[in-house]
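Following the hints, put chain B in place on chain A, whose structure we already have.
As they're listed, the protein sequences go chains A and B. Note that the working numbering has the first sequence beginning at 1, numbered continuously upward. Note that the working numbering has the second sequence beginning at 1, numbered continuously upward.
Simulated from the structure, these hints should not be mistaken for lab results. Take every hint as true, because none was put in to throw you off.
Stretch-level coverage of chain B by chain A, calculated; a stretch enters the list once three of its residues show a Cβ under 8 Å from a Cβ in chain A: (1) 47-56; (2) 80-87.
Reference excerpt, derived from the structure (chain A facing chain B, CB under 10 Å, subset only): (3) Glu428; (4) Ala444; (5) Ile448; (6) Phe452; (7) Cys453; (8) Glu455.
We put the CB at the ideal spot given by N, CA and C, even for glycine.
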Amino acid sequence: MSSENALLEEYAQREYEHGFVTDIEADSIPAGLNEDVVRLISEKKNEPEWLLEWRLKAYRHWLTLEEPNWHNVKFPPIDYQASVYYSAPKQKPKLNSLDEVDPKLLETYEKLGIPLEEQKVLANVAVDAVFDSVSIVTTFRETLEKHGVIFCPFSEAVHEHPELVKKYLGSVVPHSDNFYASLNSAVFSDGSFCYIPKGVRCPMELSTYFRINAQNTGQFERTLIVAEEGSYVSYLEGCTAPKRDENQLHAAVVELVAMDDAQIKYSTVQNWYPGDSEGKGGIYNFVTKRGACRGANSKISWTQVETGSAITWKYPSVILQGDNSVGEFYSVAVTANHQQADTGTKMIHIGENTKSTIISKGISAGVGQNSYRGEVKIMKNATNARNFSQCDSLLIGDRCGAHTFPYIEVRNTTGKVEHEASTSKVGEDQIYYLRQRGLSTEDAVNMIVNGFCKEVYDVLPMEFAVEARKLLNVSLEGSVG
Amino acid sequence: MLEIKNLHARSEDTEILKGINLSVAAGEVHAIMGPNGSGKSTLAHVLAGREDYEITEGEVTYDGKDLLDMEIEERAAEGVFLAYQYPVEISGVSNKYFLKAAINSIRKHNDQPVISRSDFVSMLKEKLALLGMDKSMMDRSVNEGFSGGEKKRNEILQMAMLEPKLAVLDETDSGLDIDALKIVSEGVNALRSPERAIIVVTHYQRLLDYIVPDKVHVLAGGKIVRSGDKSLALELEDKGYSFLNEGSEAVAAS
Chain A
1 MSSENALLEE YAQREYEHGF VTDIEADSIP AGLNEDVVRL ISEKKNEPEW
51 LLEWRLKAYR HWLTLEEPNW HNVKFPPIDY QASVYYSAPK QKPKLNSLDE
101 VDPKLLETYE KLGIPLEEQK VLANVAVDAV FDSVSIVTTF RETLEKHGVI
151 FCPFSEAVHE HPELVKKYLG SVVPHSDNFY ASLNSAVFSD GSFCYIPKGV
201 RCPMELSTYF RINAQNTGQF ERTLIVAEEG SYVSYLEGCT APKRDENQLH
251 AAVVELVAMD DAQIKYSTVQ NWYPGDSEGK GGIYNFVTKR GACRGANSKI
301 SWTQVETGSA ITWKYPSVIL QGDNSVGEFY SVAVTANHQQ ADTGTKMIHI
351 GENTKSTIIS KGISAGVGQN SYRGEVKIMK NATNARNFSQ CDSLLIGDRC
401 GAHTFPYIEV RNTTGKVEHE ASTSKVGEDQ IYYLRQRGLS TEDAVNMIVN
451 GFCKEVYDVL PMEFAVEARK LLNVSLEGSV G
Chain B
1 MLEIKNLHAR SEDTEILKGI NLSVAAGEVH AIMGPNGSGK STLAHVLAGR
51 EDYEITEGEV TYDGKDLLDM EIEERAAEGV FLAYQYPVEI SGVSNKYFLK
101 AAINSIRKHN DQPVISRSDF VSMLKEKLAL LGMDKSMMDR SVNEGFSGGE
151 KKRNEILQMA MLEPKLAVLD ETDSGLDIDA LKIVSEGVNA LRSPERAIIV
201 VTHYQRLLDY IVPDKVHVLA GGKIVRSGDK SLALELEDKG YSFLNEGSEA
251 VAAS
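Isolated chain A, as found in the complex:
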């Protein structure tokens, strides 16, 4: 119907509110990638020899790899020599307090709604602010230290807790894992490191806020979270970038390790610049995230709300090694305008009585293409493993697409795998009904979409759920007129 089309055509326009650029002097290295660049990055960070060796090993392996092509996204070839692999705002090498942080940086985070002064910070959230290639500041460190929790920039952990970094780095996502993970292993610059000691329930939410600022620069951060026996941590991750006409690469790696009875809850609100309404610019978000439930009764939950990026390519996964361990994946992925997403999860059941749940909500608007790709694998010894998957797609307009690629492999006859999938459209009758009750068309669509995502919002930490709801509304602004 033409009125419906007109209504949904407008789905294309949306405003990205974090698209500003911070004018700050940066220490950047020239574009291009070779062994010397890898050495230079390592040198800038004053890294120990073993880490440089590890980077070089990854780099040499990367050279033998080709970009994956099995995904359902399209983009022109990336010139890896055109990108800058290290860029850091110039400031004093060692900061003793927040007063010494460049006010421009503090302003940037303030503008993004992430105040870094502790007295201003949202109650009970410790923030590690990563700006381009380096971590600017980490709040609440002293409070956390009292509980024995380590939360610091990755580059610092290398120096202060080398034994932990050496033990766990690459233990979940090896340097040879895939094209983007290998690239990250070679050139990663910073990120967050968290260590929760035995029996400790982390007293506050930990969060990292990633900001890409410099032009033509890739962001390659690495996050490592280790939860010792009986510990618990909830970790939040947020991301934004300026509006630029060129595509920028973000290839991160996140590794989680949960020992016996430990629990890690990892939540992401990804709002990288998605490109303009013509599909120009935007972040290529090619990320490898994986958690290992090493111990018995351990649990790892991934919750993601993906509203940004021109292309999203990520599959937060759980390796369920420990008996009775639990893996969860809750996802909302939005593709509006020309955005593309190929996202999902892998649940690898190895231990007995392991359980996994997958709830995926894909929303497509404009000419966005949204693919769910998930793998559930039940290995030979995984007696009584269970999986439940639910993949729902919501279409807004008639030019977008939703695709589902579930892979299931069961090698143990006691395994139980359930998969449910649905595709629906935001109906004109729903919008009419809500408007008859006084809601504007925009509010009506937001209400329908938020209702569709409810199961995922319900598992997000409260502040994040509010932010996610707002973000989603902004993402879909102007999509319906």
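Coordinates of chain B only, in the frame set by chain A:
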């Protein structure tokens, strides 16, 4: 309050309303009856503003304003309410949240502050009791998994909460058993007031035993062919709609 003059409306190539004239004053209850396909539901939706219909002729004045010139949500905010024959399901949105959002949208339009939590809760409690509804219904998704009767009650609940000036009830009796019909009718009767006009669209006379109308109109072939008081409804029950075809004016039911 409502003045319909020579209203013609079409859906794609078919003309459905062929010159409706109707005047409804505040405080009145009008019943619109007629056989299937006579245009009753179309009239209800044209008043609500459904965009599937094209108005080719005529005018509708509501509260002194040109109703046809108003957006759907504007009409709602100005006090036009339609109780749907087939209420729509909204997954993942609780009934309570939906009601509050609707009330506040209308308040915003009328430059009123948002409803306070306590006002909302006490109002809701009162209206739930009026309609014999359990408060657990409020935490369920809008109309999702509701039985036919529950959906209809939910419509009347919304009407009670939104306090419209002009309520149009589209076949609210369909799918209701006699007990539910009584409860829904009581709910509607409780909303009768000198400031409010109610139009009841129905196929059967049965509903009018409980909601007694001031006027009854018979719609056939896109026109009002007869108007009268409540006795007309009884006559219709007695003779059926077939008598319409025997009249001097041949009316083709479309």
